[in-house]
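For this one, chain A is given, so just place chains B, C and D on it according to the hints.
Chains as they are written, first to last, in the working numbering: chain A, 1 to 346; chain B, 1001 to 1346; chain C, 2001 to 2346; chain D, 3001 to 3346.
Be aware that one or more of the hints could be misleading.
Claimed, not checked - Now the in silico label distances, taken between C-beta atoms and shown as ranges:
1) 2206/C / 231/A: 48 to 54 Å
2) 193/A / 3081/D: 51 to 57 Å
3) 189/A / 3192/D: 45 to 51 Å
4) 3303/D / 2206/C: 16 to 22 Å
5) 280/A / 1080/B: 42 to 48 Å
6) 1206/B / 3192/D: 19 to 25 Å
7) 3003/D / 66/A: 42 to 48 Å
What the hints assert, rightly or not - Taking lysine-lysine pairs in the DSS-like style, the calculated list, with each CA pair at most 30 Å apart, reads:
8) 3192/D / 1207/B
9) 189/A / 2191/C
10) 207/A / 1254/B
11) 1207/B / 207/A
12) 1189/B / 3189/D
In short, the hints are calculated from the structure, not lab data. Note that beta-carbon positions come from the ideal geometry of N, C-alpha and C, so glycine has one too.
There are 4 protein chains.
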Amino acid sequence: MKTKINAGIWGASGYGGAELLKILLGHPRVNVLEVTANEAAGRLVADTLPQFFGLTDLRFGAINDLDRLNKLDLVFLCMPHGKSKALVPNLPSHLKVIDLSGDYRIRDHDRYEEYYGSKHESFEFQSKFVYGLCEVYRDKIKEAGYVANPGCFATSVELGLAPLMGQNLIADDFIVCDAKTGSSGSGSKAKKATHHPERSQGFWAYKLLNHQHLPEIEQCLRDADPTWPGHLTLQVHSAPFVRGIFTSIYCRLKDGVDSGHIRKRYEAFFKSSEFVRLRYQASPNVSWVSHTNFTDIGWQVNHTDLVIFVALDNLVKGAAGQAVQNMNIMFHFAEGEGLSGLTNSV
Amino acid sequence: MKTKINAGIWGASGYGGAELLKILLGHPRVNVLEVTANEAAGRLVADTLPQFFGLTDLRFGAINDLDRLNKLDLVFLCMPHGKSKALVPNLPSHLKVIDLSGDYRIRDHDRYEEYYGSKHESFEFQSKFVYGLCEVYRDKIKEAGYVANPGCFATSVELGLAPLMGQNLIADDFIVCDAKTGSSGSGSKAKKATHHPERSQGFWAYKLLNHQHLPEIEQCLRDADPTWPGHLTLQVHSAPFVRGIFTSIYCRLKDGVDSGHIRKRYEAFFKSSEFVRLRYQASPNVSWVSHTNFTDIGWQVNHTDLVIFVALDNLVKGAAGQAVQNMNIMFHFAEGEGLSGLTNSV
Amino acid sequence: MKTKINAGIWGASGYGGAELLKILLGHPRVNVLEVTANEAAGRLVADTLPQFFGLTDLRFGAINDLDRLNKLDLVFLCMPHGKSKALVPNLPSHLKVIDLSGDYRIRDHDRYEEYYGSKHESFEFQSKFVYGLCEVYRDKIKEAGYVANPGCFATSVELGLAPLMGQNLIADDFIVCDAKTGSSGSGSKAKKATHHPERSQGFWAYKLLNHQHLPEIEQCLRDADPTWPGHLTLQVHSAPFVRGIFTSIYCRLKDGVDSGHIRKRYEAFFKSSEFVRLRYQASPNVSWVSHTNFTDIGWQVNHTDLVIFVALDNLVKGAAGQAVQNMNIMFHFAEGEGLSGLTNSV
Amino acid sequence: MKTKINAGIWGASGYGGAELLKILLGHPRVNVLEVTANEAAGRLVADTLPQFFGLTDLRFGAINDLDRLNKLDLVFLCMPHGKSKALVPNLPSHLKVIDLSGDYRIRDHDRYEEYYGSKHESFEFQSKFVYGLCEVYRDKIKEAGYVANPGCFATSVELGLAPLMGQNLIADDFIVCDAKTGSSGSGSKAKKATHHPERSQGFWAYKLLNHQHLPEIEQCLRDADPTWPGHLTLQVHSAPFVRGIFTSIYCRLKDGVDSGHIRKRYEAFFKSSEFVRLRYQASPNVSWVSHTNFTDIGWQVNHTDLVIFVALDNLVKGAAGQAVQNMNIMFHFAEGEGLSGLTNSV
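Bound-form chain A, shown alone (with noise of 0.2 Å):
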């Protein structure tokens, strides 16, 4: 086994690759080769991102320049949606590929026409990708070359709901899903839903009813639960923090079901996953998470009444973080080795 991978990031200027490459650069079993990105192609990663002043002497290359893809292990494509897709069909058949976008992670190609806008023009090539949400696919991620890394939301709907469906717990046709996002989810390009004079002291709710993680929820929870009959109500808001996702997950228990079977279930899902923490009839808090690649899942029950919260840094376990873990498990590396020591303090 190699001590060292060699891993590149196409399209490593906007948050999700930036947060990429600082955890890359920590990460002891990674040598970053090479950064892209289009508008920057040329310049130091410094220049741009004035964070990395000091940190890394690498240079943008260009996101067509394929040649630079020859000497790598892996790449993380990091692009728009829609960016990918184009891309992947002319990768060289070594390189293993985790991929950020939305372009590959729902199966059934009249969903993803349908929400996400366009025609898919690789979609052959969808079923080489395993849905790259660790603690519910960790098994064939192990096994996968190529991984496509779930959607920031989806992510926190999915652990919150996945170890539920199927075992009797909630009923299946009650699921209202209240999703609360981070300003640096839209992005690192200036628009006005990120205006500081409007963000700063604003909440709002945007993609009414319709957000396109819809799609890739309902299978995985299909997956979990095959006879579910496959709706639930998913409400994205925009908040006024910077990191993070808060989603407040709302079900309906079966007879008999208690806050208690609700723990049991939970731990038992959880007990061989290091980055989701349980808390225990409590509310968790995106600053408790931010920085750092934990999921914290919190619940409360009131009679038949079930609340599920989950919190997560929208940037790392729903971005980069969860790719590195990705990357961790397709390669055979200890699966929080260059995340576990991402911690925060206030």
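Showing chains B, C and D alone in chain A's frame:
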């Protein structure tokens, strides 16, 4: 009719009281004669509340100094929960009262004690109070001497739901309310939950499935539909903005109901309500209503899913502004007097 | 005297213009007849600025449609720097003008070009303009047809320093102004410097020792003391609040001068200025003046060190509020008409 | 040489202590054996500091339980000012000490009492302490048993100014330091100044011209230039970010000195200092250094004006990070051990 009434604010050093003072100082039909505050008694208002420097020469009196009430036409009670119920039995009989606390909102004695966790020593006065949700109980408020001003979360849920109850529009057994509040809702005393280093980038749930506004909400919705079985799920959250409440309400539509039916009902219900603004198939934003008395209501339908979004300023429509609106109705002033000028540009 | 004047706002979709519209809609002596905005021409104001929904039926016209000016008594020019100087030569002669841009503030042509980096094609109109710092140039403004509204940073520095110049109080060769602005000062267009993920927890300096408000400040201070040699150090910073400017001004006292002398001078200078509030040996706070037309000035002395603190709302006293104050003076309305009600509780 | 040292943190429940615990848990050369906190004594760390859930099983001991010190090689004192001076005389003699409070920083007894307002009962221990500004006193720290870790504001001013003292570069009688701190600098106890509704959009000055870091700054600068007459102006401000200090330092250049001379001097002075990053003719940003041990220094010259900008994280380089850096130097570890991985992407 008197040109101007004399009003007092009991408990004027907290955020609700201070917002009320601000509004009343600009109200053409009100003289603010007395303000009280226990800890600040004897001090100039502007020494405790520096924003008021240059705006008023009032000095805080003591809450227990009831002689100060004699020359008033109206008193606003803005003290913490539990203080009004001790004071009300001792008020002069000529005095009109608007109570901003939760002491007299709930008509069912057992529900009061269950949710407020304390005995109610003057519950016989409860029946003298009209519940002051202006848009719903306007006619009763016109005749009222005592008004119980609604809670901030309650106002948001009730304005979104009351119009739809008993109209054969929504399923009555599936109502989830996910509410988010700004930090001013926790009051003016510094505490852990509003410590800037932890609130600024935090988001969490609190009072898990057990908020004390639940009984007044259920009471209001049962007034609207006496056949309603009476259960909804309410979860409140702390968000890192200062002013505002944003509540997302999830329901299932009955067969044949669509977004247009909801619109028609809201338009009819609110047609004489200048402080409710309807935003068809769109989300409101707490920043659009902050510093104003508006409640903005938006909604979206997807198949049988209905989500309603309600945004208001917790200190204005959720407290002081609605109290002034109630005063205007009680004294037969124009309902928007002193409130219409509360606007916001960014 | 006319009961009401007819006013228009040229460039009303930015933050300065929108704040002005908000104030004028509540002003008892003004009809807002026309608002214009290039990108939004033809649209309802409330479609572009959702806060105004329900408050006005105005529709944006095009900036170039000068016919709209004929029925106006007064036009506010709120366009970006450089647009007023093209428009002013074409305005109808009956029209009074308040220009919020920097185009006509500076009497020295070379200084204008040095700091604004462009030719001034209509500099012959400059001499028609009075510099609209109300507390200093009130008598000239009363007679003015054209007023150049001061810059936001300039207002803060000038109100702190102008009273002290030429009074034998401070050393004239040691003046350092360290100014901090909120994000609304960058305007309503989204940009990197106001991207929420970067502004929310960021703080930095910009326009290093080279801000374009420097020449108008030096001009104003030399008006106050024609013997002043004319050099101060000004550095501006971006802070993560939305509204407000806080400027700390450092000087050295002359022999025998103490804090009481400073107080006496300020009190005398501002005794007829309702919008300046003096806070003796204390610091003001931008949150105390936000959403108001107040400028709060505090100061402290330690031996020969004097620090002066000036806080104001950049959109109100730093722009739209001062423009309305100028209008009130020009039209001989009460100076605080439509402005005194702008207050803030928290 | 021991592979790992045993360390304890006295006063570990505050922000400085918690940040230190976070760093030390990831430090390859340290076992954290003991943490203490008075109010939390007996409780699990993770119960008081929920971020640490899953990261440590440590339980807080009592501060007075000195037996716990016996097995340690090093203790960090992170208690409030005034507690260390009572504890230090009772420490076991084998123990190395890094004190994060202000108790032993100042060599002049009268200056200590003047600025800290209390008697110093164990001033005879002061001479055992080395002042722990790593980049300036590195050689002395190597030999030290006791280190007084610098204050956060002091670190920012001293790193900006110490290199320039006594070099014939700047006028020594005109130094103004305008410093802005985030809310975490006020500690973990909720108080008015850090109450979110007032801090979130507030900005103000405090400790007017009278901050207690002044004597340690003047002491450090006089170490650099014994001929310096010893007076600078320091004013601190509260800003609405959480982490970070940004200090703007204003000087006058001596004849013939330009920006290049400043650059050369800084480059020479900091050439072996991995945690100082120089940003030529540019401003740093507190967000670039937050969660890291970096100090970023930028500067600009305009004629004879020099402004220096210093940004650091008050909890890391301004407290816990510098303490670990001091530990690394004292124990002859690599200076960046356990600190180089503290990076930030956004």
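Hints the structure violates: just list their numbers, smallest first. 2, 3, 5
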